[in-house]
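Respectively, the protein sequence lines represent chains A and B. With the first sequence counted from 1, adding 872 to any position gets you our numbering. With the second sequence counted from 1, adding 385 to any position gets you our numbering.
Mixed in with the good hints, there may be bad ones.
[Stated by the list, open to error] Keeping only pairs whose Cα atoms sit at most 25 Å apart, straight-line, the calculated SDA-like set for lysine to any residue is: (1) B/K502 / A/D899; (2) B/K502 / A/R901; (3) B/K502 / A/Y903; (4) B/K502 / B/G516; (5) B/K521 / A/S915; (6) B/K502 / A/A897; (7) B/K704 / A/P893; (8) B/K502 / A/V907; (9) B/K502 / A/D900; (10) B/K792 / B/K502; (11) B/K502 / A/A894; (12) B/K502 / A/A890; (13) B/K502 / A/A880; (14) B/K704 / A/L881; (15) B/K792 / A/D899; (16) B/K704 / A/A880; (17) B/K502 / A/V906.
Because the hints were derived from the structure by calculation, they are not lab data.
Each chain, written out:
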Amino acid sequence: MRIVIDAALCTGHGLCYAVAPALVAPDDRGYGVVVAPELDAGSLERSRRAVSSCPERAVSIVDD
Amino acid sequence: MTQDIDTAPDHTDGALAAARELDWFDPVLREQTEFEVYSKILGLPPQRSEATSEWYFLGYDDCREAFQRADLLSNNWIMGENPLGQAAVYPENSDGAEHREYRRLLDPMFSPQLMEKLEPDMREYARELIGSIAAKPSCEFVSEFTMPFPTIIFCRLMGFPLDDHPKLMRWKDVYMNAMTPFIADQLGIAVDDAGRPSMEAVRELTGTSATEIIEYLGTILDERRRAPQDDIITMLVTARHDDGESLDHDELIRICFNLFLGGLDTVTGMLSMIMRDFAQHPDRRARFVELMDDPDRIGPAVEELVRFHSIVAIPRRVKDDCVLRGADLRKDDIIQVVTPAAGRDPARFAGADELDYDRSPNPHLGFGLGLHRCLGIHLARRELRIGLQEIHRLMPSYSLDPTAPPKVGSGGVRGLFTLPLLVGQG
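Just need the whole structure built from these sequences, with the hints factored in.
As C-alpha cells, then:
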C-alpha cells in the first residue's frame with residue numbers, strides 16, 4: 873500500500889506532514905511531498921490520519 | 386402532538402428569520418461569544434440575506450464547495466469604486482493564471498521552513514511584551530499584546546524597522562476599522578450627530594494614509610533594490626514573472642498591501658478571542674496549559690482553537706448565472722463564505738461547540754480552502770502557538786476586569802478592540 877497526494881488538489885495546508893512527518897514532508901512552498909510511499913503495519917494508522925486530516929481531500933491510500 | 390406541530394415550524398421560522406437578517410458586519414453577530422447565532426442558522430442551505438443582499442454560505446460542505454469552485458466564483462469582488470477608496474490587492478483579488486503565478490512567487494516566502502527560522506525571534510518578542518504586562522496588576526491586552534506581537538513579527542519578516550510597528554498599527558486601524566466609533570475617536574475622526582464617523586472624514590484619512598503607506602513602501606523597495614537584505618521586500622524586488630520580467634511598482638504595492646491587510650488583523654483578532662474565552666473559562670485555559678509543552682498535542686490544539694474561534698467570512702463574486710449547492714446565483718452576486726459557521730457544523734464536527742484539543746481529524750476551514758487558502762497559514766499557526774505558550778508561561782493567571790468589559794470589534798475580521806485584564810487573578 874502507498875500514500876499518494878493529488879497535486880491538482882493539494883494547496884499546502886500542511887496537515888499531512890504535521891500528523892505523519894515520517895511519511896510526508898513539505899516542499900519549498902509548503903506543499904506535501906510523499907517521502908515514504910510504501911506503508912507497513914506501523915505507518916498505516918498515521919497515513920490514515922493524514923488522509924482524514926486533509927481539508928482538500930488530496931491525500932489517499934492506494935492498494936496496488 | 387400539538388406541541389410538536391407548534392415547536393418544529395417555530396424553529397425553522399426562527400432560523401430563516403435569523404438568516405434573512407444575516408450581516409457579517411452586524412455588531413450583534415460579533416457579540417456572540419458562543420453559539421447563539423450559529424445555533425439558529427446551522428443546518429440551513431445557502432441563504433440570501435435581505436439585510437445585505439449577499440449570499441451566506443454556512444454549512445461545512447457548502448463552504449467547502451464555494452472555496453473549491455474557482456471556475457464559478459471569482460476573488461475579484463471589489464466592484465467599482467469602493468466607498469473607502471480601497472483598491473484590488475494581489476494575490477487576494479486575482480484569479481486564474483495570474484493568481485497561480487503570484488502564489489508560485491509568494492508561497493516560498495511563507496514556507497514552513499522559513500517560518501521555523503523565525504521562531505527564536507518570535508519567542509523573544511513575545512517574552513518582551515508579556516514580561517512588561519505580567520509585572521503590572523492590570524493591562525489592556527489588545528493594544529499591549531495581540532496587536533503589537535504579530536505586527537512586530539510582520540516588520541521583521543518584511544524588513545521594516547521594528548520600531549515602526551506603531552505606525553503600521555495605526556494604518557491598519559485606518560484601513561480596517563475607521564468606521565467604528567471607538568476607533569474613529571482614537572484616530573481623531575469627526576463624528577456626525579448620530580455618533581457615526583463621518584464618511585467624508587474617513588475617506589479623507591484613508592486617502593492620506595494610502596499616500597503615506599505607498600511612500601513608505603516605495604522608499605523601502607528602492608533601498609532593497611540597491612542593497613538586498615534577508616527579508617520579503619528583497620525577495621519581492623528580485624522576484625521574476627514566468628516571462629523573466631520583474632514585478633512592476635503597482636504590483637509590488639498591491640502585494641505589500643495584501644500582506645499588510647492579511648498579516649496584521651487576523652492573528653490579532655483570533656488571539657484576542659482566544660484570550661477572552663480563556664479568561665471566561667479557566668477550565669479551557671487549564672487544559673491548554675497542561676498540554677502546551679507536549680510537542681505531539683500542541684499542534685492539534687492550535688488547529689482546534691482555529692476551528693473554534695474562526696474569524697473570517699470570505700467574499701466571492703459570482704462569475705455567471707449558475708446554481709451552486711442549491712443556491713440560484715446571478716452574475717455579480719456576492720457570496721460570504723462564513724468560516725465560523727462551517728467550523729461549528731454539527732454534521733461535520735462531533736461536539737462542534739466543545740473545545741476538544743485532541744480532535745483528529747480536524748479539517749476545519751479557518752484558513753480557507755482551495756487555491757486562495759491563507760498565504761500566511763504557517764506563520765499564523767506558529768504565532769498562535771508561540772504567543773499562547775509565552776503568555777501562559779509568564780502570565781498564568783488573569784481574569785476579565787469586571788469594571789471594563791471588552792469592546793467587540795466590528796471590522797471585516799472578528800476580534801476585540803479592547804480586552805482589559807486583571808493580571809495575577811483567576
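The hints, checked one at a time:
1. B/K502 / A/D899: holds, 16 Å
2. B/K502 / A/R901: holds, 15 Å
3. B/K502 / A/Y903: holds, 18 Å
4. B/K502 / B/G516: holds, 23 Å
5. B/K521 / A/S915: violated, 49 Å
6. B/K502 / A/A897: Answer holds: B/K502 to A/A897 is near 17 Å, not above 25 Å.
7. B/K704 / A/P893: violated, 39 Å
8. B/K502 / A/V907: Roughly 22 Å separates the two Cα atoms, so the pair holds.
9. B/K502 / A/D900: Measuring from Cα to Cα gives roughly 14 Å; hence the hint holds.
10. B/K792 / B/K502: violated, 35 Å
11. B/K502 / A/A894: holds, 21 Å
12. B/K502 / A/A890: holds, 17 Å
13. B/K502 / A/A880: With a Cα-Cα distance of about 29 Å, the restraint between B/K502 and A/A880 is violated, given a limit of 25 Å.
14. B/K704 / A/L881: At roughly 22 Å apart (the allowed maximum being 25 Å), A/L881 and B/K704 satisfy the hint.
15. B/K792 / A/D899: Violated. B/K792 to A/D899 sits at ~42 Å, over the 25 Å cutoff.
16. B/K704 / A/A880: Cα-Cα ~22 Å, so holds.
17. B/K502 / A/V906: At roughly 23 Å apart (the allowed maximum being 25 Å), A/V906 and B/K502 satisfy the hint.
Going down the numbered hints, you'll see the structure goes against 5, 7, 10, 13 and 15, while the others check out.
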